[in-house]
Amino acid sequence: MDMTLFSNLALGFGVALTPINLMYCLVGVILGTLIGVLPGIGPVATIAMLLPVTFSLSPITALIMLAGIYYGAQYGGSTSAILVNLPGESSSVVTCLDGYQMARQGRAGVALATAAIGSFFAGCVATLIVAMFAPPLAEIALKFGPSEYFSLMVLGLVAAVVLAHGSVIKAVAMVILGLLLGLVGTDVNSGVLRFAFGISELADGIGFVTVAMGLFGTAEIITNLEMKDEREVFTNKVTNMFPTKEDWKRMWKPILRGTFLGSALGILPGGGALLASFGAYTLEKKVSKYGHEFGKGAIEGVAAPEAANNAGAQTSFIPLLTLGIPSNAVMALMIGAMMIQGIAPGPQVMTEKPQLFWGMIASMWVGNLMLVILNLPMIGMWIKLLTVPYRILFPSILVFMAIGVYSLSNNPFDVLLMMLFGLLGYIFVKLECEPAPLLLGFILGPLMEENLRRAMLLSRGDPIVFFTKPISAGFLIASILLLVILLLPNIRKKREEAFVEE
Amino acid sequence: MKIKSPKDFWAGLMFVGFGVFFMVVARNYQMGSAVRMGPAYFPTVLGGIMAVLGGIVLFQSLVVKGAPFPKLSFKPIFYISLALILFGYLLKPLGFILALVLMVFVSAFGGHEFKAKEVSILTVVLIIFSVLVFVKGLTLPFPLWPAFLG
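Those protein sequences? They're chains A and B, same order as listed. The numbering used here puts the first sequence at residues 1 to 502. The numbering used here puts the second sequence at residues 503 to 652.
Hints are computed from structural coordinates only; laboratory data are not their basis. Hints may be right or wrong, so weigh each one.
As the list claims (entries may be wrong) - Keeping only pairs whose Cα atoms sit at most 25 Å apart, straight-line, the calculated BS3-like set for lysine-lysine is:
hint	chain 1	residue 1	chain 2	residue 2
1	A	430	B	577
2	A	430	B	506
3	A	430	B	509
4	B	617	A	384
5	A	430	B	567
6	A	430	B	504
7	B	573	B	504
Claimed, not checked - Take a look, some chain B residues computed to stay more than 10 Å from chain A by CB distance:
hint	residue
8	509
9	559
10	594
11	600
12	624
13	648
14	649
15	650
Please read these numbers as outputs of a predicted model, since none were measured by experiment. Note that beta-carbon positions come from the ideal geometry of N, C-alpha and C, so glycine has one too.
With the hints as extra help, turn the sequences into a complete structure.
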């Protein structure tokens, strides 16, 4: 660690600690926790909903709030996983396994405290990791030409396929559908209006907020309404929050391992909180001497994945901040937020807008501190929220989504489009086609076409250029290897098992 | 030929459909060459790949046994969609408040049980909150009441 790291962080804290940024950071983490606690609404839909609201904020304030929603949701997700055995967030699926068992044994308070402590520690370390690794990566990225960018995006999209459930072929097809939908609107190169069918609202393309809210918000409401609303809440059983000495002894190593594994998995394209928590749980089950207790209320089974998902949530900002490439659906929305604010995401952000870059990193630490301080005393309130029936929640969610989408351009067409994407999303769920890869493709579609065009123009139409430039070739080979590995019968079986375990 | 995995069959058909659709529509634009790609180039290539992938899924669904076609629940689909359309297209003529009333009530019909009293209270709470936060706080330019009254 050199001195520039500290001066950079100091600059960041200077930005993050201004009253307005502190306030929006607080708003972000509380909102994040709220939607994390509530099953049936996730950070993707929430961030999409709030994007129009951020028009009026300064770029840094907007990004601080949106980031807070993402990592706040990881905190909240674990609360409902432990108390009701329902993962509020997909990344807290594994926390259900042992957290809920702990709650049934009357140790809900300890489980919640463990999750909070693990998350806070991981958040602190991950903030440092982002601060250390982002600058050198951005420096490399500055040397990227169009062919490198194109290949990197291919790798990112292939990685998104790895994380999708079910059939690999379907996931690839979803990515491509996303790329194609991203091309709707005016082609920047020729000025030709593509796939707009005379609808003037489509000239600027389909808004990604509309797509995200439809696929993740509306579709989820319809899916949830199919199921019966049954929950068993351990409301009055949260008494003792403090872990015993034995608990501390058992949790610190898993937290440490979870933090580092989570940080590493978060950086990978396609990674993030979800992959991190699964990876950490599996690892812990293997290395822990209490492995036989897993699934029966082992504290390690809460500590490791909770640390990992928070670490992963934060390090997944690295590819976004340095390369301008989103690694998951939430990051795709963050890119959208930056573009709304007139910031082109990419390695130049760090040098041209150091306040924005370092302010956001510092805010993550501040936000984590807020979460750990707020969350423990606020747990009573979150529990109350969990008893709110879904029949009250879904009309409210729908109202906020409709207002958010309508306000994008004060046009009912966007509401109609959101509804159509909701129907499409529902069909996707029914046909077991995951929408997350589609959203990534959707964001990357125009960028990919642009870089492909430029690369081909520079190479005079010779596609070999993608393999003669070493970095580009590396990305492409990695992508091909990933796909081949995925299609190997053996791995395929393992992957299916891994997803079934959910 | 018998469909062994209806779920995949329809998924495959959907991808083939989308792929062909994009390829056909792209024919209206210039193809260009690999050096100077026209607006049709990238979508045509992508549409082609997607159609092929869809074809593979389709083929597999005829060979490998899989899940049956899922049950669709039309009740929530209908009420949620209707609620959104009503809100979107009636906001300007009827104003924000009446559009909200319509949306909350219609969407609530899509749930498992409809309790009129509960929905009424929810509507009032949501109206007060939304007007304060979105119209007063964030100054979204929504008319509150019907145009013919104002």
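Taking the hints in turn, this is what the structure says about them:
1. A:430 - B:577: holds, 15 Å
2. A:430 - B:506: Given pair residue 430 (chain A), residue 506 (chain B) holds - Cα atoms ~17 Å apart, limit 25 Å.
3. A:430 - B:509: holds, 8 Å
4. B:617 - A:384: holds, 21 Å
5. A:430 - B:567: holds, 17 Å
6. A:430 - B:504: holds, 21 Å
7. B:573 - B:504: holds, 20 Å
8. 509: violated, 6 Å
9. 559: violated, 6 Å
10. 594: violated, 8 Å
11. 600: holds, 13 Å
12. 624: The assertion about residue 624 (chain B) is violated, with a minimum of 6 Å to chain A.
13. 648: holds, 16 Å
14. 649: With a cut-off of 10 Å, residue 649 (chain B) remains clear of chain A, as the shortest Cβ separation is near 15 Å.
15. 650: holds, 19 Å
This entry does not satisfy hints 8, 9, 10, 12, going by the numbered hints stated previously.
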